[in-house]
Amino acid sequence: MLDVNALRNPRVMITLLLLIAAVLVPFFAGNFLVSFGSRIIIWTIAAISLNVILGYGGMVSFGHAAYLGIGGYAVGIMAHHGINSGFLQWPVAMLASALWALAVGALSMRTRGVYFIMITLAFAQLIYFVGVGLEAYGGDDGLTIYKRSEFAGILSLKNRATFYWTCFVLMLGVFYLCHRLVQSRFGMVLQGSKSNDLRMRALGFPTTRYRLTAFTLAGAMCGLAGALLANQTDFISPAMMHWTASGDLIVIVVLGGMGTLFGPLYGAIAFFVLEESLKPLIDWVRPGWGDYWRLLFGPLLVMVALYARGGLDSLFERAARPRHG
Amino acid sequence: MAEPLLAIDGLVKRFGGLIATDNLSLDVRTGEIHALIGPNGAGKTTLVAQLMGQLPSDAGRIVFDGNDITRLPTHRRVGAGLARSFQITSVLRDFTALDNVALAVQAHQGHSFRFWRPARHDSALRDPALVILEQLGLGARADTLAANLSYGEQRQLEIAMALAGDPRLLLLDEPMAGMGPDESARMVAFLQRLKGKRTILLIEHDMDAVFALADRITVLVYGRAIATGAPAEIRANPEVRKAYLGEEHADA
Ligand SMILES: Nc1ncnc2c1ncn2[C@@H]1O[C@H](COP(=O)(O)OP(=O)(O)O)[C@@H](O)[C@H]1O
Ligand SMILES: [Mg+2]
Chain E
1 MLDVNALRNP RVMITLLLLI AAVLVPFFAG NFLVSFGSRI IIWTIAAISL
51 NVILGYGGMV SFGHAAYLGI GGYAVGIMAH HGINSGFLQW PVAMLASALW
101 ALAVGALSMR TRGVYFIMIT LAFAQLIYFV GVGLEAYGGD DGLTIYKRSE
151 FAGILSLKNR ATFYWTCFVL MLGVFYLCHR LVQSRFGMVL QGSKSNDLRM
201 RALGFPTTRY RLTAFTLAGA MCGLAGALLA NQTDFISPAM MHWTASGDLI
251 VIVVLGGMGT LFGPLYGAIA FFVLEESLKP LIDWVRPGWG DYWRLLFGPL
301 LVMVALYARG GLDSLFERAA RPRHG
Chain H
326 MAEPLLAIDG LVKRFGGLIA TDNLSLDVRT GEIHALIGPN GAGKTTLVAQ
376 LMGQLPSDAG RIVFDGNDIT RLPTHRRVGA GLARSFQITS VLRDFTALDN
426 VALAVQAHQG HSFRFWRPAR HDSALRDPAL VILEQLGLGA RADTLAANLS
476 YGEQRQLEIA MALAGDPRLL LLDEPMAGMG PDESARMVAF LQRLKGKRTI
526 LLIEHDMDAV FALADRITVL VYGRAIATGA PAEIRANPEV RKAYLGEEHA
576 DA
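Sequence order for the protein chains is E and H. The numbering used here puts the first residue of the first sequence at 1, with every later residue one more than the last. The numbering used here puts the first residue of the second sequence at 326, with every later residue one more than the last.
Looking at chain E on its own, in the form it has when it is part of the complex (with noise of 0.2 Å):
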């Protein structure tokens, strides 16, 4: 899969370098920065499925952050019925989110623009406010689990490095996933019916069934996230499918480089070290204003936007590409 020569690319090498100090986290670092690194690498799951119907498929989904919830509360509403069986909650976080994700998808599909955007984003305010009115769960205040999934003594996700080691293998799992997915022919069908849906139809695909089954596997691999995420913070609330965090599951894709692979990953660290390191850079300037942080983030993204259309991944590719006279 990977050949030497591939590692003159700095962009290889920079993803390679990442991915190594990243395994080696937990050995060096402390428990914030474990607790950082998982959250960013959950973060990142979420953003690679995205990225498959974003980035790959041109469908600007913004409500993707229903499913983090959807899977969020699997894992939290079967632990708080003292179902705590991982190999149970995962699944079952996958699947609720697929199924959902398959009714938005058949419902939104024949939309385009802004009309898509919409919808998706109308289903996702549903399922929030469906959390608000869980009562039996904590409604807006959310739940707390008091259990972490349990894998038959296998795994001890209590154990933080066991946990971030757990949440790395995953990635790296839907990594490769979403490597094979794309370079597929369903991934090619997907990629075209982005580029010339007009002309794909004329060439005797129906794209709607094939973008509808991608919509559907990236409503799963976010589920998946969503299990990792409640794991992460022992707690469920509407807050995690609120629609900022939508927002920022976009936000993440096209700050790392919309249908890219390594996009997300990028994406998300630039996202959550900026916001750890803007936060307390504003209060010190203007102490109780850190959550503003975003006032300074905005215009940060306008940048990218203006001057690095790809996202951080064509920055890389362009200190990869030789220099010009």
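Worth double-checking, as some hints may not be accurate.
Said to hold, decoys possible - Label-pair distances were calculated between CB atoms; the ranges are:
(1) H/R401 / E/L107: 22 to 28 Å
(2) H/G335 / E/R110: 27 to 33 Å
(3) H/D468 / E/L107: 36 to 42 Å
(4) H/D468 / E/G173: 28 to 34 Å
(5) E/F297 / H/I344: 55 to 61 Å
(6) E/E276 / H/D491: 54 to 60 Å
No lab work stands behind these hints, which were simulated from the structure alone. What you are looking at is a predicted structure, and each value in this text was computed from that prediction instead of being measured. No residue lacks a Cβ here, since even glycine has one placed at the ideal position from N, Cα and C.
Following the hints, put chain H with the ligands in place on chain E, whose structure we already have.
The following block gives chain H with the ligands in isolation, referenced to the frame of chain E:
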């Protein structure tokens, strides 16, 4: 007379008050190049879209190889053996020329719910695609992004994509549109080589090309076929002269 490959009977398409296809009946016989000519706005492109199922028809029947396909979705018609090219170039601009044709090949190899094997290393897709690119003289441009091909090359790619599925009926919507004289001549020569081997409904403005290629010609005016016949008949038809051909061709 054997059954025609394509039989259109009383076909209608309305856009609000405008009748783009007006009770049109037309046959295409197996193996012929059937040219469809007519002034701009006559409804030629609309007819192609109706035949492909991209536009629903308001009335009438389309029978292909004995089967009524009037209500079939596009992909089923492609499966039955129809393919089209576009008057206004419509290729996948951010795919290479080879990718474009390979996708056209892929469309004919069953469903694409195949999630694992890399399509770009699949010789079942790449080999036939390359053969077709070479036939169109685009072999050397296989790895060029479609967006970076010259206009003429993009027009050739259009045809390559339409041919890739080995269609039983090829609908070519002004394949020479916008081409220079040299490129046009090459395209005519290419289509000449298909003559007798493929069944083609050819829409074309260039009368010299039409008279050089067509076995039969149908003249379309305001969505209606005012005449169908061999090139010589069409040339001699007074109604056609009046409505369409103009004096230069009528004298010829
Ligand atoms: N989508 C559409 N909506 C409304 N009118 C259309 C549409 N497509 C074509 N028309 C009209 O139908 C007529 C036939 O157009 P067209 O089939 O493109 O003609 P041709 O290809 O022969 O030049 C024209 O008057 C055109 O304006
Ligand atoms: Mg036309």
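Contradicted hints - numbers only
Violated: none.
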